[in-house]
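Build out the structure end to end from the sequences listed, making use of the hints.
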Amino acid sequence: MTRRTWLFEPAGAVPYTGANDAMHDLAARRLDEEIPDSLILLEHSPVFTAGRRAKPEHLVWSEQEAVAHGAEVHHIDRGGSFTFHGPGQLVGYPILHLGARPDAAAYLRSLEEAVIRTGAELGVELHRRDDVQTGVFAGDDKVCAIGVRLMRTRVTLHGFAINCDTDLSWFGGIVACGLPDNGVTSLSALTGREVTVREVRPIVRRALAEVFDLAYDAAPEQELDRFRAPLVA
Amino acid sequence: MTSIQMPQLGETIIEGTVLKWLKAEGETVERDEPLFEISTDKVDTEVPSPVAGTLTKIIVAEGQTVPVGTELAEVASDEDAAPTTAGAASSDPATPAPDDGGQAAAEPAQDARDPASDPARDQVGGAAAAVPPAAPAAAMPDRGPRSQILSPLVRRLAQEHGVDLSTVAGTGTGGRITKHDVMAVVASGGGGTAAAPAPAAPAPVPVVAPPSVGAAAAQGETVEPMSHIRKAIASHMLASVNETARAWTMVEVNVDHLVKLRERAKDAFLAANGVKLTYLPFVVRATVDALAAYPPVNSRIVGEDIVTPRAVHMGIAVSYDAGLIVPVIRNADVMNSVGIARAIADLAARARSRQLQPDEVQGATFTITNPGPYGSLISVPIINQPNVGILSLDSIQRRPVVLEGDAIAVRSMVYISMSWDHRLIDGEIATRFLGRVKQNLESWDFAEDLGV
Chain A
17 MTRRTWLFEP
27 AGAVPYTGAN
37 DAMHDLAARR
47 LDEEIPDSLI
57 LLEHSPVFTA
67 GRRAKPEHLV
77 WSEQEAVAHG
87 AEVHHIDRGG
97 SFTFHGPGQL
107 VGYPILHLGA
117 RPDAAAYLRS
127 LEEAVIRTGA
137 ELGVELHRRD
147 DVQTGVFAGD
157 DKVCAIGVRL
167 MRTRVTLHGF
177 AINCDTDLSW
187 FGGIVACGLP
197 DNGVTSLSAL
207 TGREVTVREV
217 RPIVRRALAE
227 VFDLAYDAAP
237 EQELDRFRAP
247 LVA
Chain B
371 MTSIQMPQLG
381 ETIIEGTVLK
391 WLKAEGETVE
401 RDEPLFEIST
411 DKVDTEVPSP
421 VAGTLTKIIV
431 AEGQTVPVGT
441 ELAEVASDED
451 AAPTTAGAAS
461 SDPATPAPDD
471 GGQAAAEPAQ
481 DARDPASDPA
491 RDQVGGAAAA
501 VPPAAPAAAM
511 PDRGPRSQIL
521 SPLVRRLAQE
531 HGVDLSTVAG
541 TGTGGRITKH
551 DVMAVVASGG
561 GGTAAAPAPA
571 APAPVPVVAP
581 PSVGAAAAQG
591 ETVEPMSHIR
601 KAIASHMLAS
611 VNETARAWTM
621 VEVNVDHLVK
631 LRERAKDAFL
641 AANGVKLTYL
651 PFVVRATVDA
661 LAAYPPVNSR
671 IVGEDIVTPR
681 AVHMGIAVSY
691 DAGLIVPVIR
701 NADVMNSVGI
711 ARAIADLAAR
721 ARSRQLQPDE
731 VQGATFTITN
741 PGPYGSLISV
751 PIINQPNVGI
761 LSLDSIQRRP
771 VVLEGDAIAV
781 RSMVYISMSW
791 DHRLIDGEIA
801 TRFLGRVKQN
811 LESWDFAEDL
821 GV
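The listed protein sequences derive, respectively, from chains A and B.
So the first sequence is numbered by the numbering used here: it starts at 17 and just counts up by one.
So the second sequence is numbered by the numbering used here: it starts at 371 and just counts up by one.
A couple of the hints might just be wrong.
Cut-off 16 angstroms, straight-line C-alpha distance, at most; resulting in silico cross-link-like pairs (EDC-like, lysine to aspartate or glutamate) [what the hints assert, rightly or not]:
(1) Lys549(B) to Glu49(A)
(2) Lys427(B) to Glu444(B)
(3) Lys549(B) to Glu50(A)
(4) Lys646(B) to Glu73(A)
(5) Lys71(A) to Asp716(B)
(6) Lys390(B) to Asp93(A)
(7) Lys393(B) to Glu416(B)
(8) Lys71(A) to Asp411(B)
Bear in mind the hints are in silico, worked out from the structure with no lab data behind them.
As structure tokens, then:
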């Protein structure tokens, strides 16, 4: 059954806190069956986020150093370890109701599948590394981090982050995903050309629509307002 | 009785870790209200209760990892407790009797064994935290027609705005009342004043204020419910103050050589042992020796008997984001300073990441609290029942002191004090005990103990 899905594609670098709040609010209303599924595709301003399995030693920089570099640090409610979000990275938050008997593992495989298809369209062969961790890899290097939480076992929160032309030096601030032996790469590094978020976004949108059978509607204007950066800082 | 199990979140997810119980035993839970949080290697989620009722029993404690399908808890559903037949509640052995016995009533049935062997019953934190169960039925709020399925959001909104849900027509799936339905009633002026502040005009008669549904917040204040851990700490502390005859004694200790030793040894110690060297292991060592010299300080009252264990299980008060917990170094009397330092670092880290097992916060025979790092000069702690005493290590300060021969010099000094239960020991033994701790700290050469 095709899912009617609100599509949010806010412009510019979106601050983490507001987007995180809006995502939880959308999920709560989805749980109450007040709104349809949603897909949020955006870029964040620089932020390090720590999941529930994050260990303090995986933050290489101190929080003060991270702040001095212009990044925020947030401890959040998803699974997984530390990751980085920032310019040049396409972040996707699908807020989907998985039904009464959700299969979280299948959901994660589908997210990975959509990213693998995206890579294929750009001429890059990506794959899963079930021996390492959830996520999408090129060789040993992670190109897309995935971290998900379920609201009351049924509605998905958080999602995936694909490095398009991300400045990878940001990942020097953390042991990404708590994996010291795996590197981080980007679609630009893999293709040898500049692959921007603007280029990748429609491909990801399409791949997710195929994998999850989504039909997009533009999100209502007042809903989108929550993702817009305030005019006065 | 409904059995709550580790849910199946996907074919390849075979086990999960209970991160946090969101309800304590005895608390009521709505249908579909989050009951606990789990973490798997793939996703985290909060798991809702399948029925409305009372959480009667937690079987799997926080931090434990169990296979999918493992029974985690039992919930007595409202149907179970409904007084449809006289005596129905009392026929269910798991349903606590509505008794005002406070903590005593909260003791689980297995405590019928010799209570002397179970010092765990009064520990703060862990599965043993004694939160009196609510009396069944009587304590349950009126939730309106039982057949009506309502989301917590809708319930909350209705309560906040004083909307009587039985009068609201639902427009959601299957006639469910949605947030919009409630807000429509509110917008049309249909709300009541359930959570509104009480009128300022004084009521003429009442001597005792009626129990309010929730505290009303004045402007500039916030109101949030006490967490289960906070409630457990509160009742534990209050019970101690009510039951013990607390007295307090302090000594001043010259720790100059310990400061120098730590300065000299800390880097090598960290490299060798992977944990930072603090002063606490020295104090634990010195206290363990003093407890061996003065066994009554390591004892407890059980009924009209005095029980004195030979072993020392040292409770260490650890603060963490949810409150206070007292993990226990078991058999501290057979450890050297290195072993104690490692045990403290391990227990404190796991306390703060909520990984402690229930038996690791039970059975302390004496407790040490360490507010010094936060800058306290002198503290008067509350005794961690059923212990006789709690020792406080406050901040080390450079102070001018008078040495032998009336010379004045600057030394690193610290106040070490103990709150003690005058029911069991008297001032002489308390003071001699503290004197022994002082003497140990001032005269022992800990360098050998540290292996540096």
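Hints, verified against the model:
1. The suggested pairing of Lys549(B) with Glu49(A) holds, with an alpha-carbon distance near 10 angstroms, which does not exceed 16 angstroms.
2. Restraint check for Lys427(B) and Glu444(B): the C-alpha separation of about 5 angstroms stays at or below 16 angstroms, so the hint holds.
3. Among the hinted pairs, Lys549(B) with Glu50(A) is consistent with the structure: their alpha-carbon atoms are about 8 angstroms apart, no more than 16 angstroms.
4. Of the supplied pair hints, the one linking Lys646(B) and Glu73(A) holds, its CA atoms being roughly 15 angstroms apart against a limit of 16 angstroms.
5. Simply put, Lys71(A) and Asp716(B) have alpha-carbon atoms about 14 angstroms apart, close enough for the 16 angstroms limit, and the pair holds.
6. Taken as a hint, the Lys390(B) and Asp93(A) pair is honoured in the structure, with Cα atoms around 13 angstroms apart against an allowance of 16 angstroms.
7. Our distance criterion of 16 angstroms between C-alpha atoms is met by Lys393(B) and Glu416(B), whose separation comes to about 12 angstroms.
8. At most 16 angstroms may separate the alpha-carbon atoms for a hinted pair to count; Lys71(A) and Asp411(B) meet this at roughly 15 angstroms.
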